[in-house]
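Undergrad: Chain by chain, the residues run as shown.
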Amino acid sequence: MDTVRWGLLSTAAINSRLITPIRLSKRGVLAAVASRDEAKAKSYAQTWEIPLAFGSYQSMLDSGQIDAVYISLPNHLHAEWTIRALNAGVHVLCEKPFAITLNEVDRMIAASQRSGRVLAEAFMYRHHPQTKLVGEWVKSGRLGEISAVRGVFNFAISGRDDIRLAPAMGGGSLWDVGCYPLSFAQYVYGEAPQDVFGMQWTGDTGVDETFAGQMQYTGDRMAQITCAFRTPFYTQFEIIGTLGRIVVERPFTNQQDSPFFTVYPKEGQPNKILVPLVELYQGEVEDMHAAILDGAKPYLTLQETRNHVRTLLALYESAASGEAVKLLNG
Amino acid sequence: METIRWGLLSTARINQRLIPAIRLSTRGVLAAVASRDEAKAKSYAQQWEIPLAFGSYQAMLDSGSIDAVYISLPNHLHAEWTIRALNAGVHVLCEKPFAITLDQVDSMIAASQRTGRFLAEAFMYRHHPQTRAAFEWVRSGRLGKISLVRGAFTYATEADDGIYLVPEFGGGCLWDVGCYPLSFAQYLYGEAPQSVFGMQILGKTGVDETFTGQMYYSSSRLAQITASLSSPYFTSLEIFGALGRLQIERPYVELPDGHRLAFYPKKGTPVEIPVPRGSPETDPYRLEVEDLHAAIQDGAPQGVSLAESREHIRTILALYQSARAGQAVKI
Numbered sequence: 001m002d003t004v005r006w007g008l009l010s011t012a013a014i015n016s017r018l019i020t021p022i023r024l025s026k027r028g029v030l031a032a033v034a035s036r037d038e039a040k041a042k043s044y045a046q047t048w049e050i051p052l053a054f055g056s057y058q059s060m061l062d063s064g065q066i067d068a069v070y071i072s073l074p075n076h077l078h079a080e081w082t083i084r085a086l087n088a089g090v091h092v093l094c095e096k097p098f099a100i101t102l103n104e105v106d107r108m109i110a111a112s113q114r115s116g117r118v119l120a121e122a123f124m125y126r127h128h129p130q131t132k133l134v135g136e137w138v139k140s141g142r143l144g145e146i147s148a149v150r151g152v153f154n155f156a157i158s159g160r161d162d163i164r165l166a167p168a169m170g171g172g173s174l175w176d177v178g179c180y181p182l183s184f185a186q187y188v189y190g191e192a193p194q195d196v197f198g199m200q201w202t203g204d205t206g207v208d209e210t211f212a213g214q215m216q217y218t219g220d221r222m223a224q225i226t227c228a229f230r231t232p233f234y235t236q237f238e239i240i241g242t243l244g245r246i247v248v249e250r251p252f253t254n255q256q257d258s259p260f261f262t263v264y265p266k267e268g269q270p271n272k273i274l275v276p277l278v279e280l281y282q283g284e285v286e287d288m289h290a291a292i293l294d295g296a297k298p299y300l301t302l303q304e305t306r307n308h309v310r311t312l313l314a315l316y317e318s319a320a321s322g323e324a325v326k327l328l329n330g
Numbered sequence: 001m002e003t004i005r006w007g008l009l010s011t012a013r014i015n016q017r018l019i020p021a022i023r024l025s026t027r028g029v030l031a032a033v034a035s036r037d038e039a040k041a042k043s044y045a046q047q048w049e050i051p052l053a054f055g056s057y058q059a060m061l062d063s064g065s066i067d068a069v070y071i072s073l074p075n076h077l078h079a080e081w082t083i084r085a086l087n088a089g090v091h092v093l094c095e096k097p098f099a100i101t102l103d104q105v106d107s108m109i110a111a112s113q114r115t116g117r118f119l120a121e122a123f124m125y126r127h128h129p130q131t132r133a134a135f136e137w138v139r140s141g142r143l144g145k146i147s148l149v150r151g152a153f154t155y156a157t158e159a160d161d162g163i164y165l166v167p168e169f170g171g172g173c174l175w176d177v178g179c180y181p182l183s184f185a186q187y188l189y190g191e192a193p194q195s196v197f198g199m200q201i202l203g204k205t206g207v208d209e210t211f212t213g214q215m216y217y218s219s220s221r222l223a224q225i226t227a228s229l230s231s232p233y234f235t236s237l238e239i240f241g242a243l244g245r246l247q248i249e250r251p252y253v254e255l256p257d258g259h260r261l262a263f264y265p266k267k268g269t270p271v272e273i274p275v276p277r278g279s280p281e282t283d284p285y286r287l288e289v290e291d292l293h294a295a296i297q298d299g300a301p302q303g304v305s306l307a308e309s310r311e312h313i314r315t316i317l318a319l320y321q322s323a324r325a326g327q328a329v330k331i
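Read top to bottom, the protein sequences are chains P and R. So the first sequence is numbered by this note's numbering: it starts at 1 and just counts up by one. So the second sequence is numbered by this note's numbering: it starts at 1 and just counts up by one.
Just to be clear, a hint being listed does not mean it is correct.
Partner residues are not named here, just some residues of chain R that face chain P (Cβ under 8 Å, in silico) [claimed, not checked]:
no. : residue
1   : R150
2   : I201
3   : S220
4   : L222
5   : T226
6   : S230
7   : S231
8   : F240
9   : G241
10  : K266
11  : G326
12  : A328
With a cut-off of at most 25 Å between alpha-carbon atoms, the simulated DSS-like pairs for lysine-lysine come out as follows [said to hold, decoys possible]:
no. : chain 1 : residue 1 : chain 2 : residue 2
13  : R       : K204      : P       : K266
14  : R       : K330      : P       : K326
15  : P       : K297      : P       : K139
16  : P       : K297      : P       : K26
17  : P       : K132      : P       : K266
Bear in mind the hints are in silico, worked out from the structure with no lab data behind them. Cβ atoms here follow ideal geometry from the backbone N, Cα and C, with glycine treated the same way.
Work out the full structure: start from the sequences and follow the hints.
TA: Listed below in structure tokens is the structure:
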């Protein structure tokens, strides 16, 4: 096999982001799309010039026409369809958050191991050169010891019938966008926290529309995250060390004309670090190709993914109980 | 109009901010300085051209030669000397944090009421035009409903024996600088939080060297603060509303550069909000001195009320309690 035939499982708006990178890649082709509504699948296939359209998710998975699937269903359906895909012998790139219970995550990972198929969480920004460069700055020691990171992902949700406002579907700002600064913090610290504390504003549909969370990691390292559905789009991530500070103005969706982040050393002038301009979703697609075709390890490990969900669940538990929650090892 | 004769109680470094401020003020004169060490008081008085030097704090308070005192002692001594000053009939401008227990704060406020002398917490930034402009911008409704405030104050201690590293002196970064973003959040929200949660990193001397806290206010409003005394100097505050965001760079100390107050509307380009700065008229220390003068002589309402000061301390204490207990603390 030298190309990966992709199928899109659902016709979610986010899909349009994956179509370009799959087509830009030398190692992937977009082969199929599935919707529970056959007419919708066909019209979507026509709009985006996708060869095959399926009127059911399962029939696409069983068709033998795809090698990998991109799952962009609502959060509460991630586990079911990831496991069905893996069982059908199809590799899976599943949107974040991976799942909404730890049991689901464990069953997804087990299904990947059992089937020998690749499984990865779609955190596109983790593959962006900016994120990797920030990671190298931290690792180089030029910031000294990192004692705190702070991150934000806010946006204004439009309409009250959005699935991200539905509690039963894994709705809520922390699940939807708080996972970004949280995962960045854990990328910087290389582990899950020991203790977490969360506070949330619950809106009229019963999900968190503003969330503030704090995490403590080993070696006296802290993280603070905030996210919201009720304020205009704003993202930022900041790493505070004994010798300097990094501020990333567009940590998750850096697609400006000349992307950069800024290093503020203890002494002297701020240093603007330019970052290559790349297709935001290209990295995660190529990473899947390397895993499937070359047997490379996925860059974002399932252990990291499991820790993301574990931490999100602990933050919600804390916000509900008003008490800090300790994360047990493993 | 009579002038207000000021005394400096201690020879702390921060005094250097107040000395020009008192001299710039229209109604104040710098009359005296006191130190427990008479030689030190005298040499300090000579260096700064202060008419009177006292070898004891109490002697200055009882001398009849000062009307107001600026207290810049270590935090654990604020209450004792504030109360002694008020009892001696002297008005008090006391450094933040006001005190380190709520009992102390209540005794200080009671002493002010009993003596009829004025008392104010020295949060200089609250008097600066930048702070006022940010507050007005929020009050005007241009941000819509605000639901989140995020602030940081970090700096790197230069000595490893500073008083802010001594637990018994009220040391720790939340007491020392975390009180800034905390007080700014409460200025904007106009109240104390309903519940708080704190996490701290204790240094080898036993004080918090990094503190992260979050607070929950009425009407589903949140605040998050970060403080550290082991990272390079950095201060910023962000106010998030339904219609936009207000970004303040360098919200506290007036510095030669790096200040910025900007509004990021939901749609459209950011708006730079002009703020007068860098002149004697905008010196926040002068403005806090003038604020006390206006209270003393004109009966004007104080820029930072004692109720607010009490809420600052209540909230800081709750944050520390939470950090120790590992659970949220209701106020």
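Undergrad: List, from low to high, the hint numbers that the structure doesn't satisfy.
TA: none
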